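Q: Numbering (this note's numbering), first residue to last: 1 to 391.
Keep in mind the hints are simulated off the structure, nothing from the lab.
Accuracy of the hints is not assured; some may be wrong.
Restricting the straight-line Cα-Cα distance to at most 27 angstroms, the calculated cross-link-like pairs of lysine-lysine (DSSO-like) are [what the hints assert, rightly or not]:
no.	residue 1	residue 2
1	K266	K300
2	K37	K353
3	K29	K10
4	K29	K109
5	K345	K360
6	K353	K298
7	K37	K118
8	K247	K37
9	K10	K118
10	K345	K169
11	K247	K231
12	K10	K109
13	K266	K169
14	K169	K353
15	K29	K231
16	K169	K317
17	K247	K266
18	K36	K247
19	K45	K109
20	K174	K37
21	K95	K79
22	K247	K353
23	K317	K300
24	K298	K29
25	K36	K118
26	K169	K37
27	K37	K360
Ranges of calculated distance between the beta carbons of each label pair, as one might list FRET restraints [as the list claims (entries may be wrong)]:
no.	residue 1	residue 2	range
28	F319	G113	26 to 36 angstroms
29	G301	T184	19 to 29 angstroms
30	D342	K10	38 to 48 angstroms
All values derive from a computational prediction rather than experimental measurement.
Backbone N, C-alpha and C define an ideal beta-carbon position, used for all residues, glycine too.
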Amino acid sequence: MVRIMIVEPKVRGFICATAHPVGCRENVKRQIEYMKKLGSCDGPKKVLVIGASTGYGLASRIAAAYCTGAATIGVMFEKESNGRRTATPGYYNTKAFEEFAHADGLYAKSINGDAFSKEIKDQVIDLIRSDLGSVDMVVYSLAAPRRTTADGTTYQSVLKTTSSDFTNKSWNLKDNTVGEATITPATEEETLATVKVMGGEDWIDWMNALSDAGVLADGAITLAYSYIGPKLTYPVYFNGTIGMAKKHLQESAAIINQTLADQHVKAYISVNKALVTQASAAIPIVPLYFAILYKVMKEKGLHEGCIEQIGRLFHEKLFSGNAPVLDEEGRIRLDDWELREDIQKEVMEIWDKINTDNVKELADIDGYWDDFYHMFGFRFPNVDYSQDVEI
Numbered sequence: 001m002v003r004i005m006i007v008e009p010k011v012r013g014f015i016c017a018t019a020h021p022v023g024c025r026e027n028v029k030r031q032i033e034y035m036k037k038l039g040s041c042d043g044p045k046k047v048l049v050i051g052a053s054t055g056y057g058l059a060s061r062i063a064a065a066y067c068t069g070a071a072t073i074g075v076m077f078e079k080e081s082n083g084r085r086t087a088t089p090g091y092y093n094t095k096a097f098e099e100f101a102h103a104d105g106l107y108a109k110s111i112n113g114d115a116f117s118k119e120i121k122d123q124v125i126d127l128i129r130s131d132l133g134s135v136d137m138v139v140y141s142l143a144a145p146r147r148t149t150a151d152g153t154t155y156q157s158v159l160k161t162t163s164s165d166f167t168n169k170s171w172n173l174k175d176n177t178v179g180e181a182t183i184t185p186a187t188e189e190e191t192l193a194t195v196k197v198m199g200g201e202d203w204i205d206w207m208n209a210l211s212d213a214g215v216l217a218d219g220a221i222t223l224a225y226s227y228i229g230p231k232l233t234y235p236v237y238f239n240g241t242i243g244m245a246k247k248h249l250q251e252s253a254a255i256i257n258q259t260l261a262d263q264h265v266k267a268y269i270s271v272n273k274a275l276v277t278q279a280s281a282a283i284p285i286v287p288l289y290f291a292i293l294y295k296v297m298k299e300k301g302l303h304e305g306c307i308e309q310i311g312r313l314f315h316e317k318l319f320s321g322n323a324p325v326l327d328e329e330g331r332i333r334l335d336d337w338e339l340r341e342d343i344q345k346e347v348m349e350i351w352d353k354i355n356t357d358n359v360k361e362l363a364d365i366d367g368y369w370d371d372f373y374h375m376f377g378f379r380f381p382n383v384d385y386s387q388d389v390e391i
């Protein structure tokens with residue numbers, strides 16, 4: 001079905017219900033152009049990206065293709081247009097990436113479905129076996145709100161604290177006011193469910209499935225993404241339910257390294273910087289920190305989006321020498337600039353004095369919203385949003 005229409009953003013709270021196909025294509029194009037400017041590096045040639053359609057997963061796929069020249073298989077869970085509504089942004093992103101990759105002579109195929117399921121794992125394994133033989137890098141970048149396990153149980157993640165109420169300043173996205181918000185603690189069941197969804201159990205399942213099927217190359221590397229953040233957000237991130245899941249992710253890397261040691265597989269956690277996502281926009285208190293951080297880092301010339309982060313990961317942290325650059329706990333740190341002492345000092349000075357009257361002056365409100373709209377293909381100056389497009 002072909003449907004032509006003018007597509008406008010329909011934002012409700014922290015969710016945009018529409019996506020612009022031409023704008024999403026522009027978003028992908030800009031990321032590819034950035035990686036081409038960075039130049040090539042020596043790295044894996046057959047890469048599987050689980051969670052490949054938006055954010056860090058999409059940037060990882062673009063980096064693998066245009067930095068190391070890798071053939072890529074992407075796994076995502078996206079909705080096509082039903083003729084009345086647009087497709088999800090990840091659907092348009094993936095379509096655009098494949099078109100660009102094919103035009104540049106690169107192998108790129110995608111599988112759309114629930115990455116948690118055995119069915120999708122089997123489909124991916126069959127595709128690897130028939131087209132690539134094996135993969136030498138696996139990026140695990142799932143960001144899902146729920147997971148159904150093999151026994152039919154569905155777990156729902158929550159973004160809460162794990163001890164007591166957390167009250168602090170918060171930015172109301174609807175009217176640009178600064179007030180206070182309280183995040184309540186999760187139950188034990190909610191915390192366990194969040195770990196089930198956002199922890200490393202499925203990452204381990206993927207790596208074991210690939211290994212058992214004989215499609216994981218000897219010496220392959222695998223990577224998952226995490227976030228720590230400043231002490232300000234510890235109650236909701238580092239010590240919150242999502243923090244418990246990320247700790248489990250770290251433990252899972254150690255399990256993968258031990259389980260697949262005979263194949264010389266290496267699993268790494270990359271701790272990345274704060275960036276606007278649909279998930280982060282939904283958490284009280286956090287968007288205000290992000291908007292202040294954006295302002296401070298941009299003024300110092302240190303701000304990075306997803307593609308800049310992953311470009312630095314490939315060129316400076318993972319494939320720059322004989323071994324990856326790791327911290328004392330064996331993690332890759334792409335949040336090193338965010339957590340610099342001078343950055344955090346200035347952020348906290350602003351945090352202490354920010355209010356409704358000065359929020360537009362002290363925080364990068366426009367930059368925050370630009371990133372938000374870019375996720376859905378809007379606010380690109382060279383896209384004519386008054387024109388009909390095929391959705």
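Q: Each hint needs a verdict: does it hold in this structure or not?
A: The hints, checked one at a time:
{"no.": "1", "hint": "K266 with K300", "in the structure": "35 angstroms, violated"}
{"no.": "2", "hint": "K37 with K353", "in the structure": "40 angstroms, violated"}
{"no.": "3", "hint": "K29 with K10", "in the structure": "24 angstroms, holds"}
{"no.": "4", "hint": "K29 with K109", "in the structure": "18 angstroms, holds"}
{"no.": "5", "hint": "K345 with K360", "in the structure": "20 angstroms, holds"}
{"no.": "6", "hint": "K353 with K298", "in the structure": "20 angstroms, holds"}
{"no.": "7", "hint": "K37 with K118", "in the structure": "39 angstroms, violated"}
{"no.": "8", "hint": "K247 with K37", "in the structure": "35 angstroms, violated"}
{"no.": "9", "hint": "K10 with K118", "in the structure": "35 angstroms, violated"}
{"no.": "10", "hint": "K345 with K169", "in the structure": "17 angstroms, holds"}
{"no.": "11", "hint": "K247 with K231", "in the structure": "16 angstroms, holds"}
{"no.": "12", "hint": "K10 with K109", "in the structure": "30 angstroms, violated"}
{"no.": "13", "hint": "K266 with K169", "in the structure": "41 angstroms, violated"}
{"no.": "14", "hint": "K169 with K353", "in the structure": "11 angstroms, holds"}
{"no.": "15", "hint": "K29 with K231", "in the structure": "36 angstroms, violated"}
{"no.": "16", "hint": "K169 with K317", "in the structure": "35 angstroms, violated"}
{"no.": "17", "hint": "K247 with K266", "in the structure": "18 angstroms, holds"}
{"no.": "18", "hint": "K36 with K247", "in the structure": "34 angstroms, violated"}
{"no.": "19", "hint": "K45 with K109", "in the structure": "14 angstroms, holds"}
{"no.": "20", "hint": "K174 with K37", "in the structure": "38 angstroms, violated"}
{"no.": "21", "hint": "K95 with K79", "in the structure": "12 angstroms, holds"}
{"no.": "22", "hint": "K247 with K353", "in the structure": "33 angstroms, violated"}
{"no.": "23", "hint": "K317 with K300", "in the structure": "22 angstroms, holds"}
{"no.": "24", "hint": "K298 with K29", "in the structure": "23 angstroms, holds"}
{"no.": "25", "hint": "K36 with K118", "in the structure": "36 angstroms, violated"}
{"no.": "26", "hint": "K169 with K37", "in the structure": "40 angstroms, violated"}
{"no.": "27", "hint": "K37 with K360", "in the structure": "33 angstroms, violated"}
{"no.": "28", "hint": "F319 with G113: 26 to 36 angstroms", "in the structure": "30 angstroms, holds"}
{"no.": "29", "hint": "G301 with T184: 19 to 29 angstroms", "in the structure": "39 angstroms, violated"}
{"no.": "30", "hint": "D342 with K10: 38 to 48 angstroms", "in the structure": "40 angstroms, holds"}
Of the numbered hints stated above, those contradicted by the structure are hints 1, 2, 7, 8, 9, 12, 13, 15, 16, 18, 20, 22, 25, 26, 27, 29, listed in ascending order.
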